[in-house]
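*Asks:* The residues making up each chain are set out below.
Number of protein chains: 2
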Amino acid sequence: MEAKTSDPEPKFSHGALVPRGFALRKASPNVNHPSVTPELDDLFSFLRFSSISTDSRHAGDVRACAEWLTAKLTSMGLATELHETPKHPVVIARNVHVEGRRNVLIYGHYDVQPVDPLELWTSDPFKPEIRDGRIWARGSADNKGQMLAHVLGVEKTLRENQGLPVNLIFLFEGEEEIGSPNLASFLVHHRDELRCDVIAISDTGMVAPGVPTLGYGLRGLACCEAILRGPKGDLHSGLFGGAVANPATAIARLVASMHELNGRVAIDGFYDDVRPLENWERKMWSRVPGVEDADLLKVTGSPGLFGEPGYTATERVWARPTAEVNGIGGGYQGEGSKTVIPAEAFVKLSFRLVPDQNPRQIMNRVTDFLQRHCPPGVEIEVRPGHDGKPYITDPNSKYGLAAQTALRTAFDAEPVLIREGGSIPIVQTFREILGADTLLLGLALPDAQIHAPNENFPVENFEAGIRLNQALLGELAR
Amino acid sequence: MEAKTSDPEPKFSHGALVPRGFALRKASPNVNHPSVTPELDDLFSFLRFSSISTDSRHAGDVRACAEWLTAKLTSMGLATELHETPKHPVVIARNVHVEGRRNVLIYGHYDVQPVDPLELWTSDPFKPEIRDGRIWARGSADNKGQMLAHVLGVEKTLRENQGLPVNLIFLFEGEEEIGSPNLASFLVHHRDELRCDVIAISDTGMVAPGVPTLGYGLRGLACCEAILRGPKGDLHSGLFGGAVANPATAIARLVASMHELNGRVAIDGFYDDVRPLENWERKMWSRVPGVEDADLLKVTGSPGLFGEPGYTATERVWARPTAEVNGIGGGYQGEGSKTVIPAEAFVKLSFRLVPDQNPRQIMNRVTDFLQRHCPPGVEIEVRPGHDGKPYITDPNSKYGLAAQTALRTAFDAEPVLIREGGSIPIVQTFREILGADTLLLGLALPDAQIHAPNENFPVENFEAGIRLNQALLGELAR
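Chains as they are written, first to last, in our numbering: chain A, 306 to 783; chain B, 306 to 783.
Extracted from the complex, chain A is given alone in its bound form (with noise of 0.2 Å):
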């Protein structure tokens, strides 16, 4: 899923490393996974480097886990390359290209979100563990365990046939949770090698357990900030309380104004370029599991659910543009109260955006909004963010229908179409430099807890990704 910006640093350094296999040979008795496999002990030399991205203290773990998977794709027979970039290396492979074939570039990232809080986590981020079926670590489902899914589902059908079916590119970032700064100027620098027909990404998740989803939709994303000013400082609420505007009174009308009240979005022409639901989709998506409202309740803990009319839950995480408060905040913010009126207060905003909505023309439109509706009294500055394009392709394209088929294959089940929620601008980036559609064959449960304290990802995923990667390569190849 898309980058953060940085986030505090973690509480302890991992910067010893264990040498490969070791720690499982003597594994700890958390290990509780009947026999480790040769796969499981790559993914666990993998998991165990702290490659935290936008740390720079972590810099070189980043590196070293570059290293290793440079290491691994060489050992597998693959012309593997190492680039530098300013900050973290891609790691390209590839087998012997044959003329004719098809042309399948797979992507994935090696780096890793912070750690943070480290108390919460039930074992150490970077010492996977295997629990319940589960294997525990910072990047087990976010993105290791499924980009190495697709490295080891290579090397069994080279081990298995000698050779792929398909012109394969590996394309590795380690720069993908702090939004990619380098891979679109590495693409554009690097297209004629990278040409390719069609592109594959796990990297998003899986409705359910043992319900294999083919992704063909993101949404794009639009941030900004605003900033309102009152006083030149923060005053007294008693002396001058009735005098003068309070900042965050206004932030708070300001931010309300965005809404109406029944959830809809009522900033002016915010749905005007929304392409509406096609009619398959909201047949397709009502018999998804796993994303009932019951499971959205659940798996937020929210107390009910709630949004634009006239769409479910679903659709509106899927389909429909959102509005949404990331942080607010001025004046006192510690216990008890302090009686004054803030000099300032902020919100930090973001749009997520569906076709054929343009981030541009939304921000556009947001801060036009934002300061025709700025309350009296006080002054905005609105500083616009991020953004990234939504996406959408077909699900039923030729490349679509053989996602399709190798996922059936790979989990002996039908396979759910959808679109997700979130954000992954390097799908957008794709099309635009390489000109090629991307295939989301996301293997994360909803409850892999990404960027979040006590990631993890199903051992069974894991296997299943293995198969999946050797039937997509051969349906992609017919």
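Note that these hints are calculated values from the structure, not bench results. Keep in mind that a hint or two might mislead.
A pair holds if it fits inside one copy or across any two, identical chains being indistinguishable in the list.
No more than 25 Å apart at the CA atoms, straight line, and that leaves these computed lysine to any residue pairs for SDA-like [as the list claims (entries may be wrong)]: (1) K603 <-> G538; (2) K392 <-> W590; (3) K537 <-> G568; (4) K461 <-> D577; (5) K588 <-> K703; (6) K537 <-> G609; (7) K537 <-> P751; (8) K537 <-> P608.
Since chain A is already given, all that's left is putting chain B on it; use the hints.
*Replies:* Chain B in isolation, oriented as in the chain A frame:
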């Protein structure tokens, strides 16, 4: 002015106390007042104590300050007692009381607010300096400078007349800035010794330099905090945005519902018990200097004035109730963006109340309003905080007229009669426990920076305060 809850610790400790007078005789180059008087010498000694009552690490400084004060009062020939409380001492001093004379109580406090952010002070808050005719130090205005003027006025009268014209009781506490938690109980236990006809306090402000100011009203206060809870933890705004209510969005809507667009408070029954402004008040206040719109704009630095329609800004501050957001928070507070739906959001509210509003009744109405207006999809908790009743007395009572005459004498100018926007809960407590009304003879200037960096108090106001005390006791004796 009323207490605030604990501020963060000061940047460095002021534990090492300079012996009385020492630093003054070895004056720093910044002390550019032409001649240091014995009165200023006393004040500087008093100001050097970092008597920050909210910070337990300064408990020793608070006590040392109380002991210095006790010694000073004793040296003047007053019968002085330092009374222990569960926290900081109360100091009581009295002259020899004579049957049939007026009993006058003068209250003050020797504790001060924290000093952070220390880096914004031009000079050390506990190393008083005189610059541009003002004394710069924490507590110079609030309240050491004002209260010591009364002490030194009494000293002067005792020296000049070998006695006072009234039965005087000095009551000085060290807990005002933390809400006087032990004073009411102290008053109850010492009710007989503290019996008095009238009370005088100099712990408020003058409207403008040279304009003697009699305060006859104070606003009351009611504080609370509302917390809205949604998902059990912060959610990824892509994966879940649209499905559930966002507590930060909801808190904004809830806060916005508290006011009409024009600034009037929208809480049902909020204005029911508000005593209308009298015509003489509006007429008097329209002529009070220093509180015109231009003054308020200048002192606050706000881009514009704003508040309840139908009243001038000064009328709104002195005689109309308000609902203020003192703090609002939820979600990501750092730099840049983090696309979460926060698990919860809070707002800290305070309501400034006027006669004849009842804080408890208002808090019930507020709680009811907040609960009824809580947006869907979140749960609300309202935590009531501290409160204090509003206060009003007749400025033209015999004691009020005596105070006006004393102000006229001390400043050689016609006094103005005002109410204060702030709250001094102890004034209401005095009325309830001791049965006496309070004269508010404020000496601080509007830019005194109380509770803020660079607190200051004009030397001429300090000197006028000494004259005021002498004139006041004379007038009250009549």
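*Asks:* Any of the earlier hints contradicted here, and which numbers?
*Replies:* Hint check: 2 and 4 fail, others pass.
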